[in-house]
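K.L.:
Keeping their order, the protein sequence lines are chains A and B.
So the first sequence is residues 1 to 277, counted in my numbering.
So the second sequence is residues 1 to 333, counted in my numbering.
Where hints are given, some of them may not hold.
[Stated by the list, open to error] Reference excerpt, derived from the structure (chain B facing chain A, CB under 8 Å, subset only):
id	residue
1	Asn170
2	His193
3	Pro195
4	Phe196
5	Val199
6	Lys201
7	Ala202
8	Arg209
9	Leu213
10	His216
11	Leu227
12	Ala289
13	Ser298
14	Leu301
[To be verified] So the derived list for chain A, only partly shown, Cβ under 7 Å to chain B, looks like this:
id	residue
15	Met88
16	Ser90
17	His91
18	Arg95
19	Arg100
20	Ser109
21	Gln110
22	Gln122
23	Phe129
24	Lys133
25	Glu135
26	Tyr247
It is worth saying that the hints were derived from the structure and are not from the lab.
For glycine and all other residues, C-beta sits at the position ideal for the given N, C-alpha and C.
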Amino acid sequence: MPSPPIQGPRASGGASATAPILETRGLSKDFRGFTAVDDVNLQVQEGHIHALIGPNGAGKTTVFNLLTRFLPATRGEILYRGKSITRMKSHEIARLGLVRSFQISAVFSQMTVLENVRVALQRPQGTSFHFWKPERSLDSLNEQALHLLEQVGLRDDAHRVTASLPYGRKRALELATTLALEPTVMLLDEPTQGMGAEDVDRVVELIRVAARGRTVLMVEHNLSVVSRLCDRISVLARGRVLAEGDYASVSANPEVREAYLGSEAPESTADEHKEVS
Amino acid sequence: MAVLQQDHQAARAGSAPRRITPLGVLYLVLFLLGLLAPWVAYPVFLMKILCFALFASAFNLLLGFVGLLSFGHAAFLATGAYITGFLLAEYPGLSPALGIVAGTLGAVVLGTLFGALAIRRQGIYFAMITLALAQMMFFFFIQAPFTHGEDGLHGVPRGELFGVFDLANNHTLYYFVFAIFVAAFALIRRVVHSPFGQVLKAIRENEPRAISLGYHTDAYKLVAFVLSAGLAGLAGATKTLVFQLASLGDASWHMSGEVILMTLLGGVGTLLGPLVGSGLVIGLQHQLAQSALGDWVSVILGAIFVVCVLSFRSGIIGECQRWIARRQQREDK
Chain A
1 MPSPPIQGPR
11 ASGGASATAP
21 ILETRGLSKD
31 FRGFTAVDDV
41 NLQVQEGHIH
51 ALIGPNGAGK
61 TTVFNLLTRF
71 LPATRGEILY
81 RGKSITRMKS
91 HEIARLGLVR
101 SFQISAVFSQ
111 MTVLENVRVA
121 LQRPQGTSFH
131 FWKPERSLDS
141 LNEQALHLLE
151 QVGLRDDAHR
161 VTASLPYGRK
171 RALELATTLA
181 LEPTVMLLDE
191 PTQGMGAEDV
201 DRVVELIRVA
211 ARGRTVLMVE
221 HNLSVVSRLC
231 DRISVLARGR
241 VLAEGDYASV
251 SANPEVREAY
261 LGSEAPESTA
271 DEHKEVS
Chain B
1 MAVLQQDHQA
11 ARAGSAPRRI
21 TPLGVLYLVL
31 FLLGLLAPWV
41 AYPVFLMKIL
51 CFALFASAFN
61 LLLGFVGLLS
71 FGHAAFLATG
81 AYITGFLLAE
91 YPGLSPALGI
101 VAGTLGAVVL
111 GTLFGALAIR
121 RQGIYFAMIT
131 LALAQMMFFF
141 FIQAPFTHGE
151 DGLHGVPRGE
161 LFGVFDLANN
171 HTLYYFVFAI
181 FVAAFALIRR
191 VVHSPFGQVL
201 KAIRENEPRA
211 ISLGYHTDAY
221 KLVAFVLSAG
231 LAGLAGATKT
241 LVFQLASLGD
251 ASWHMSGEVI
261 LMTLLGGVGT
271 LLGPLVGSGL
281 VIGLQHQLAQ
291 SALGDWVSVI
301 LGAIFVVCVL
311 SFRSGIIGEC
321 QRWIARRQQR
331 EDK
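Extracted from the complex, chain B is given alone in its bound form (with noise of 0.2 Å):
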């Protein structure tokens, strides 16, 4: 696990010629790991844990580096799943590929509403305008006909990518949403590690220090609010192909509060994290679904919630991390 905390000295470095680190080898394992995976485990089940740690990776980016506590992304999630599950079962034979485009631009369009409206709060107040406009779009799904309302879309078809894979297999599929993950994943690594990045890491440390430099702060947050939102999007139109179905349930404020869950839970702050966080949260629920605790789930899941945030307050990879750093302290000494 020292990998982690190697991440960090790595972008400290800066000028450093690249070379590998350690961290790129756990990169690379995940990667091996991941293309392995749905020969050993179930493969809708992993397209599940994929999705949701992209929209969760996408909620992190807002949090973990803006310092911005969404509580509406299940509006951009329900968005971009919406959009693409309409099309593709609207327009059969529309390539996939364009759906999930239109519902990440769709998402992408909402990002930019909603951002512009919320950025100007703080704190709170954030949370609870990013929390008033997703429960207006809730209704708006439930009244709108092209949602089917209570009933959501069913049997969106899967389609064939670029003419040549069968989605319907779900293994096809896998790669598909696998290759769109690992995407998706470098963007948001990209997107901290980059000059923008900087800025936005100055903000959440410090906002009227950074105005003070002469950065228009509120443009920053913007963009990051629209990236994140398109990223959910993203995640919301992948997890339609996989499910063949969108629903309402992807826009209630259950599913904005269980991004906050798994963000948590991983680390947020961390980009790993949120991978970790859905994974747990996932593999509880489809383990605890199987015995015979039924509704008892929830209660589960949430004291397992009380006692992480008790315990170790940074979540499971920042815990790791805060391990290693003291670690190389003591042998620095």
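Just chain A, with the same shape it has in the complex (with noise of 0.2 Å):
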């Protein structure tokens, strides 16, 4: 059984000059008279690891809620590889290759650890309406699931019921899931968040490695990461876009200094903040 390569094919140079892999145009959402995103044009590229940023309450899970169709649009379109995907349902979307994490980690917490992967591999096979079959049936896939554990070092816990798991192993293993369908475009939400610095370090890495020959979008808020591992950031400030670019220009955008600072200062830690400031 050919495990799926953690690391597929490099992107091609990752030269800004190709159409994006996904783009917004004009994608806004109301929500009763309140504009949570308005006008939204984004381009990621394919290959970029492109961060979405902005204080709390901008609309970047919103943004993503909305590619990802768990909430439909009010105005505008969404385009994945140049085709419309702006009105196919979630599921859909999941299998046409954009998977998406939550905020909150998202595991199945009363399974296994491997069967957590197992569970992301199966659909595939077909048979995951056969109530009739045996769960043996799936054991086919279980070396290519500890395959994925071992890269975001799980191994060892496969076999422990995920609930008993510390907070950052669970990201970890999201991640492991996430890679189990070899998505081109992977919609991270907040995968740093409420992490110590250890395991923020860990996630960073993983992410880097999981990102080869992938793209992918990241809702972060820890700017250190953000800088460590982002090739293009846009800034989100009331549901609008307010600046983007890669670190250093959108840093030293004085409106995006305003908006983080009107606001919260940025949720981070204090030396975080010197970052931007």
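Using the hints, build the complex out of the two chains.
P.N.:
Structure (structure tokens):
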């Protein structure tokens, strides 16, 4: 059984001249008169790690929910490889290869670590509706699942119940589960949220490895993570794109600094605060 | 009781070749007890327990393994009961097996309809919709002529199974009912431990995540709902044969509540929980009805229920499993 390569073919050069893999045009979302996302035009280039940052309530998670159709957009278009996915269903978007994670770690806590990954692997087998087949029929996927777990350092925990894992490891498991789908675009919603410094470094490394040959769009509060990982940054404030560019240009932008300082200071620690200012 | 925990471990070990596990031994012992029981206890009482155990197991498939609380499962029990009762009463000589199959299929059809309507909602809304639909069925059964309204269907003939076994004999009928129960229990166990069951568990644990893995979760929930409804219908159909009676009581919301009570008491999300829960509730009802307490039975049952829920939330079997898990953890250290 061949294991899925965690590191796919390198995206061709990452040249920005090519058409974006994921694009939004005039994307907007109204909640009863309140516009949470307002005319957002995003272009995510293939092979990039693209960050979406901004103060609390800027609409970052709403954009994620719109992109994966967990919420329907009020106006605007979402294009994946040039084709509109605006009206597709959530699970269909996932099958296209756009796989999202969630702000709060999304694992299946009463299942074992191995089962978590296996449930992501089993769908392509086409037996997921087969209620008359024994669970043993899934054992052929175990090797592949263990291989994925090894890559995030969880192989030894494979038979533990997920609920018993510490928080940082749950996030690593979530990443392994996402990778099991061999996504082309990973949408990570605050992958380092609520983590201690050590775990943050681990996850940054995991994302860096996992992102090879893939495109990543991530919401992140921790600016040191953003500066270490991301090729391109879009700053969202009050539902609009305030600035876009690489870390140096964005952090030098006076409007961005005002948006951050004008509201709450960046949610992370004091020294990350220094990095922006 | 250590065997209950072993079930999980055997399932987890996965690739291990099949061998005799303590859980297998427990099932074997229960099976043998089931075979011997009618020679010790009154068969009709035992059959009542088996029918309700099946009903509760069907309900538990939905609540325990998908996380959907249906407050209208009586509708499926009653549909199975009325269809089987009507067919066997109107067409004497019809095989009781065919009658039961027809009743089950009726519940499957109704389950598909109700499921399609209810499955889009979650939590309390799902419970309310299933309750409303079940109440609708209750009033339908009052009005429809074939149910004989308030009177119900009496004296449904049990008939002869495959033209050989005379089911009028309580012992013969017991083994027929026992066979149905064992087959249905095996089916539920298989559903829970199948590729489909894995997806159901994932949906129960975190539905948005299951969607983001590409699963069309509504479709899975609907299949589970239909399976559960069909098995509840099977329980109703079998019950009609046992009591030769199908009545409005089967369709009332009390019945939907009772099955919740049995499942929670025994242990939701455990395979043996509903069996233990229904045995306990039916047994208590039986014992208390014979005492001089009369209508106090419901009050006493209610009090027992409150005490149980407050002191051991995961039910009798659930608590046993936790106790075993704790003990095993200590041994590991």
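K.L.:
What are the numbers of the hints that this structure violates, sorted from low to high?
P.N.:
Violated: hints 1, 12, 13, 14, 15 and 26.
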